[in-house]
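Please model the entire structure based on the sequences and the hints provided.
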Amino acid sequence: MTMSPTLDTSGPEDGTGTPGDSRARRAHGHPPTPRPKRRGGRTAYLYVLPALILVVGVVYLGIGYNGWVSTLDWNGIDPNPESVGFDNYTKIFSDSIFWDSLSHVAVFGVIVILVQMALGLAMALIFSGPIFGRNIYKIIVFVPVILSPAAVSIAFRQLLSPDGQVNEALRFIGLDVLTNAWIADPKTALIALAVINIWQWTGFSFILYQASVSQIDQNLYEAAQIDGAGTWRIIRSIVIPQLKGTHATLALTGVIGALKTFDIVFLVTGGGPGRSTEFLTTYIYKQAVQQFNSGYAAALAMVLLVLALTLTAFQMRAYRFGED
Amino acid sequence: MFGRISLRQRLVYQVVATVLVIPFLFPLVAIVAISFSGQGPLANYTAVITQTPFFTFLLNSAVISAGTIALIYAVTMLAGFAFAKLKFTGRRLLFNAILVGLVLPSIALMVPMFIIVRQLGLFNNFLAVILPLSAVTVPLTLLLARNYLNGIPDEVIEAAKIDGATSFGTLVRIVIPLSRPITAVIIVWAFLQAWNEFFLPLLFLQDQNLQVLTQVPQFFTSTYGSDVPKIFAALVLVCLPIVITYLLLQKFFEKGLTAGAVK
Numbered sequence: 001m002t003m004s005p006t007l008d009t010s011g012p013e014d015g016t017g018t019p020g021d022s023r024a025r026r027a028h029g030h031p032p033t034p035r036p037k038r039r040g041g042r043t044a045y046l047y048v049l050p051a052l053i054l055v056v057g058v059v060y061l062g063i064g065y066n067g068w069v070s071t072l073d074w075n076g077i078d079p080n081p082e083s084v085g086f087d088n089y090t091k092i093f094s095d096s097i098f099w100d101s102l103s104h105v106a107v108f109g110v111i112v113i114l115v116q117m118a119l120g121l122a123m124a125l126i127f128s129g130p131i132f133g134r135n136i137y138k139i140i141v142f143v144p145v146i147l148s149p150a151a152v153s154i155a156f157r158q159l160l161s162p163d164g165q166v167n168e169a170l171r172f173i174g175l176d177v178l179t180n181a182w183i184a185d186p187k188t189a190l191i192a193l194a195v196i197n198i199w200q201w202t203g204f205s206f207i208l209y210q211a212s213v214s215q216i217d218q219n220l221y222e223a224a225q226i227d228g229a230g231t232w233r234i235i236r237s238i239v240i241p242q243l244k245g246t247h248a249t250l251a252l253t254g255v256i257g258a259l260k261t262f263d264i265v266f267l268v269t270g271g272g273p274g275r276s277t278e279f280l281t282t283y284i285y286k287q288a289v290q291q292f293n294s295g296y297a298a299a300l301a302m303v304l305l306v307l308a309l310t311l312t313a314f315q316m317r318a319y320r321f322g323e324d
Numbered sequence: 325m326f327g328r329i330s331l332r333q334r335l336v337y338q339v340v341a342t343v344l345v346i347p348f349l350f351p352l353v354a355i356v357a358i359s360f361s362g363q364g365p366l367a368n369y370t371a372v373i374t375q376t377p378f379f380t381f382l383l384n385s386a387v388i389s390a391g392t393i394a395l396i397y398a399v400t401m402l403a404g405f406a407f408a409k410l411k412f413t414g415r416r417l418l419f420n421a422i423l424v425g426l427v428l429p430s431i432a433l434m435v436p437m438f439i440i441v442r443q444l445g446l447f448n449n450f451l452a453v454i455l456p457l458s459a460v461t462v463p464l465t466l467l468l469a470r471n472y473l474n475g476i477p478d479e480v481i482e483a484a485k486i487d488g489a490t491s492f493g494t495l496v497r498i499v500i501p502l503s504r505p506i507t508a509v510i511i512v513w514a515f516l517q518a519w520n521e522f523f524l525p526l527l528f529l530q531d532q533n534l535q536v537l538t539q540v541p542q543f544f545t546s547t548y549g550s551d552v553p554k555i556f557a558a559l560v561l562v563c564l565p566i567v568i569t570y571l572l573l574q575k576f577f578e579k580g581l582t583a584g585a586v587k
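Here the protein sequences come in this chain order: A and B. The letter at position 195 of the first sequence is residue 195 when you use the working numbering, and the numbering goes up by one with no holes. To convert, count from 1 in the second sequence and add 324; that's the working numbering.
Hint data in this document are derived by calculation from the structure and do not stem from the laboratory. Incorrect hints may have been included.
So the derived label-pair ranges between C-beta atoms look like this [stated by the list, open to error]: (1) B/ILE373 <-> A/GLY270: 27 to 33 Å; (2) A/GLY270 <-> B/ARG332: 45 to 51 Å; (3) A/GLY67 <-> B/ALA483: 25 to 31 Å.
These figures come from a predicted structure and were not determined experimentally. The beta-carbon is built from N, C-alpha and C at its ideal position, and this holds for glycine as well.
Here's what the structure looks like:
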């Protein structure tokens with residue numbers, strides 16, 4: 001049987017393609033044999049059924065239900081919710097908290113994506129050199145990635161408090177001017193969240209860059225060195241362009257990650273002080289659980305979902321994913 | 325890329341690398357140091373183990389993790405096998421439909437999840453955590469498994485078929501033994517998700533005997549002031565199992581987190 005082993009078969013997939021050998025047999029005038037039992041066919045659906053039930057049951061049912069709730073004025077308990085059409089959506093667009101949240105997510109996203117990529121790349125490059133204790137360094141940078149965001153949040157609440165260890169360390173190295181109430185100060189709270197996120201996730205960028213740096217053809221370096229290029233020039237003209245795929249992957253996962261960020265914001269600042277670190281996710285949570293505005297929360301969730309899908313589709317096209 | 329470098333340059337690189345790593349090391353050291361402060365390490369850690377239902381929570385975390393891993397693995401391998409090796413109508417459409425779950429912020433599903441759990445009467449049932457957690461994790465593990473299984477030559481599958489194996493027999497006896505690397509990746513990823521989860525158990529497991537390890541630090545937080553050293557001792561104990569697992573299986577963790585992104 002000659003089936004293409006390619007990833008996405010874009011050709012017709014009717015599940016009844018005839019294996020080459022039986023076609024040949026028929027062509028030689030053999031009596032028509034009962035069609036050989038095809039691999040796949042209906043049984044294939046049995047294999048994907050559990051995954052479908054799980055994902056459709058939770059994700060799609062959830063989205064559908066959300067869509068319906070988003071047209072209601074409902075506190076989540078009342079057996080007779082009132083239908084309000086698209087009122088919740090029109091309310092969103094004149095809701096200044098929504099726009100503020102969106103801008104917080106955007107600022108947060110841009111900062112963490114850029115810094116994590118820059119730091120991760122810098123580390124991947126330097127650690128590929130002759131560094132003593134390289135594996136220990138690697139473990140230190142990677143350990144935060146595997147820690148529970150809930151645990152990380154609790155820890156940083158203390159570390160970043162006015163008399164916390166971060167300020168202590170700043171005083172110790174003589175940078176008293178930089179000490180701050182970090183998460184209690186509306187001016188720095190968003191930055192503090194970005195720093196926590198960067199601390200936790202740089203290891204991920206680093207590991208990704210490290211894997212792809214090791215795949216760059218060594219001959220490229222040698223050729224460049226023969227041409228008299230220095231280390232900096234090699235990084236700029238060879239390494240960075242060669243890592244295009246990794247930059248794209250990190251930007252894409254970074255955007256989705258920023259939109260999904262909930263745990264650390266909710267547990268470190270709770271969206272405050274005031275609304276200075278309100279994210280869409282924390283706003284949804286508050287509307288749903290604390291304010292009992294299920295309808296409005298559902299509408300916000302639909303907007304968040306559309307935003308995530310649109311940004312993903314847009315980026316996948318921009319980076320030309322799935323073309324190779 | 326560094327070419328031949330002098331001792332001095334080497335020193336410069338070493339210093340730069342160290343300066344970059346220190347901010348990452350500092351919070352880790354501080355966390356452990358705080359857990360040793362106050363009444364001292366012995367008192368702090370003993371308090372965590374004796375004044376909270378630590379071992380009950382540990383067991384609950386372990387059960388939820390095991391259940392999540394088992395469910396994710398079974399569902400992923402079945403579907404991954406079909407999407408990689410079987411042909412059927414709507415294959416691509418169904419696959420992409422599942423992948424949409426990759427970009428979905430799970431908080432967006434909170435309200436419906438609440439209703440579904442209530443409808444199914446799953447409050448205070450581990451399934452209320454295992455099912456949603458698996459549903460949001462399967463899109464990624466399925467993508468990884470499908471890509472890996474695509475790499476198994478069709479000839480191997482065909483040979484099994486000629487020998488009379490059913491497709492399920494082929495999956496169990498041929499494909500799964502060939503899938504050890506991706507099995508490790510799926511298990512690691514599912515374990516991380518389940519062990520670190522905070523909100524699902526908080527929302528759906530309101531019976532205190534069913535709570536999980538990530539809740540332990542809360543025991544030392546109160547409105548009258550928190551016992552910070554003990555909170556941190558709890559944090560260390562919560563994180564320790566996963567850090568030890570990481571140190572033992574370093575390669576699989578790193579592969580697990582990057583498998584989807586690097587070809």
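Cross-check of the supplied hints:
At roughly 30 Å, the beta carbons of B/ILE373 and A/GLY270 sit within the given window of 27 to 33 Å. Roughly 50 Å separates the CB atoms of A/GLY270 and B/ARG332, a value that falls within the hinted 45 to 51 Å. Between A/GLY67 and B/ALA483 the CB atoms are about 48 Å apart, so this pair departs from the stated range of 25 to 31 Å.
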